[in-house]
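*Asks:* Listed here are the chains, written in short residue letters.
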Amino acid sequence: MATDQVTAAFAKSLGLPESDITEHLAYGSIKEWDSTAHMVLIAELEDVFDVMLDTDDIIDMSSVAKAREILRKYDIKC
Amino acid sequence: MTLSAENRRKVTIFSDLSKFEGVAFCTDQESITYRELETLIQSRMLAVTEQLAGVDVRREVLGLCFETSVDAIVDYLACVRVGLPLLLSDPDQPDTLRDSMWRALGVTLTTAGSELARLRPSHTQAARADLAVLMSTSGSSGSPKAVMLSRNNLEANAQAILAYLPISERDTAITSLPLHYSFGLSVLNTHLAAGAKIVLTNLGMMERGFWDLVKAQGVTSLSGVPFHYQMLRMLRLERMELPALRYLTQAGGRLEAAQVKHFSALCAAKGWQLYVMYGQTEATARMAFVPPEAIRDNPDIIGRAIPGGRFIVRDPESREEITEPNVDGELCYLGDNIMLGYAQCAADWQQQGPCLTELATGDLAHWTTDGWLRITGRMSRFLKVRGKRLQLDHLEQLLDECGIQPAYCCGIDDKLFVVVSPEQSTDAKVMQLMTKDLGIHHSLWSLVAVPAIPRLSSGKIDYPRLLTLCLNSEKD
Chain A
302 MATDQVTAAF AKSLGLPESD ITEHLAYGSI KEWDSTAHMV LIAELEDVFD VMLDTDDIID
362 MSSVAKAREI LRKYDIKC
Chain B
131 MTLSAENRRK VTIFSDLSKF EGVAFCTDQE SITYRELETL IQSRMLAVTE QLAGVDVRRE
191 VLGLCFETSV DAIVDYLACV RVGLPLLLSD PDQPDTLRDS MWRALGVTLT TAGSELARLR
251 PSHTQAARAD LAVLMSTSGS SGSPKAVMLS RNNLEANAQA ILAYLPISER DTAITSLPLH
311 YSFGLSVLNT HLAAGAKIVL TNLGMMERGF WDLVKAQGVT SLSGVPFHYQ MLRMLRLERM
371 ELPALRYLTQ AGGRLEAAQV KHFSALCAAK GWQLYVMYGQ TEATARMAFV PPEAIRDNPD
431 IIGRAIPGGR FIVRDPESRE EITEPNVDGE LCYLGDNIML GYAQCAADWQ QQGPCLTELA
491 TGDLAHWTTD GWLRITGRMS RFLKVRGKRL QLDHLEQLLD ECGIQPAYCC GIDDKLFVVV
551 SPEQSTDAKV MQLMTKDLGI HHSLWSLVAV PAIPRLSSGK IDYPRLLTLC LNSEKD
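Quick mapping for you: the protein sequence lines, in order, are chains A and B.
Under my numbering, think of the first position of the first sequence as 302, with each following residue one higher.
Under my numbering, think of the first position of the second sequence as 131, with each following residue one higher.
If you're looking for bench data, these hints aren't it; they were derived computationally from the structure.
Check each hint, because a few of them may be wrong.
Listed next, the in silico DSSO-like pairs over lysine-lysine satisfying Cα-Cα at most 27 Å (straight line) [said to hold, decoys possible]: (1) B:566 / A:313; (2) A:332 / B:140; (3) B:545 / A:313.
Just need the whole structure built from these sequences, with the hints factored in.
*Replies:* As structure tokens, then:
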């Protein structure tokens, strides 16, 4: 299921349990989501969904909800 | 290399900055001219001397959490100008680690808003006459080992950098690096010395706000450690619309040859210049650079000494100089930017010790047949994680203090191994220390269980073999 794949990608990249991955979780709001984790996250999402994200999308992916919104632009159901 | 007449003029960072016309700093909120900056520095100097009236400032050390802000930079410049020794600290370091470092080094004061706050009584002995700044050698792990630098160190290194980097009064840099880190501080110092503009931000390259500032302020150069170049690659820098950009600088660890090739080709296509550089906090910041025109054919060199500096490659055993090419030895450096020495306690910075004349870098290197220098390895027990140095012996000590024993650390840059015996169930404790306390992302380190720790005949840990075991376990 695509929805779980996003949560799972976040949990894996940020090193947090899936229960901590809420839609409002935002870049920089927690220590775990810094630039290193963001790079790992982008690589993970690109890998899981087999896409190559545009620069603007990489730097706009500032929350979990925003990530879903961006991925949907790439015709990914999530 | 001879210095041009322009650059032979003595560089000053810690004197009247109102001689410059333009803007010194801008943030997303405000901008401050050099004249306004000078006024701020002078009033801070006055406030410091008034608050410390009757006190010998040389018997104090001020611990400064070096935020990327006008206030913190004014604190830094004002304290150096009044002769109050400073310890530059990472503002994001956990309090417990900072406290233990400040205690070990005898920090007596810190800043609290616009006031000074006293932490400990003044020392009975004054600092050595030439001490200006203490800088940590070990990123955020809180090892009390600090590098002692003089005003002359800071100004000499800025002067040398200005002699090879094309920084002018019309340039604009951005704080992609923290200021408590020697590379970040050198960007600040060189731009102040040149009267150039610096955009102050805590945003990183992975955030839209950073690039909005780069574009809006017409940033002309970007500086980064290898990690930043990974980000720039992921962001596909080549697609960005950055008409003001003129050059890129890289230091803080070896950039892989493949990355160097990618970025040198990119810079050639864009009409930018790529400066691959080499340095250490022990040398204030910079020791070597590769001239941009040479990087394409030599992606794996550190180039040559900065103007005014000189390298000697020495046999690690005999300490004899090695002059023939392709023979490895310890890279040693001579120049006005060499630190005064290390300090681990107050007595170290109070001792009116001799000045170090030659710095043994701990890196193994050789001369190429073309007369460039190439780094081939490292003698000392540290590695770099995202450009920050991590002392492995100190980390083992921290693990030990957390009750994880025995634990051994080894690794390569950006890949650290914490080795424990298989019967230990220490995952949670190690995770707490590494990820929470030290802030090292879990992709950058691994916990490896090794049943039999390889040892040398002397009984000492055989770290090279341990590293091979760890690297092999990664592959499985």
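*Asks:* Out of the numbered hints, which ones does the structure contradict?
*Replies:* 2
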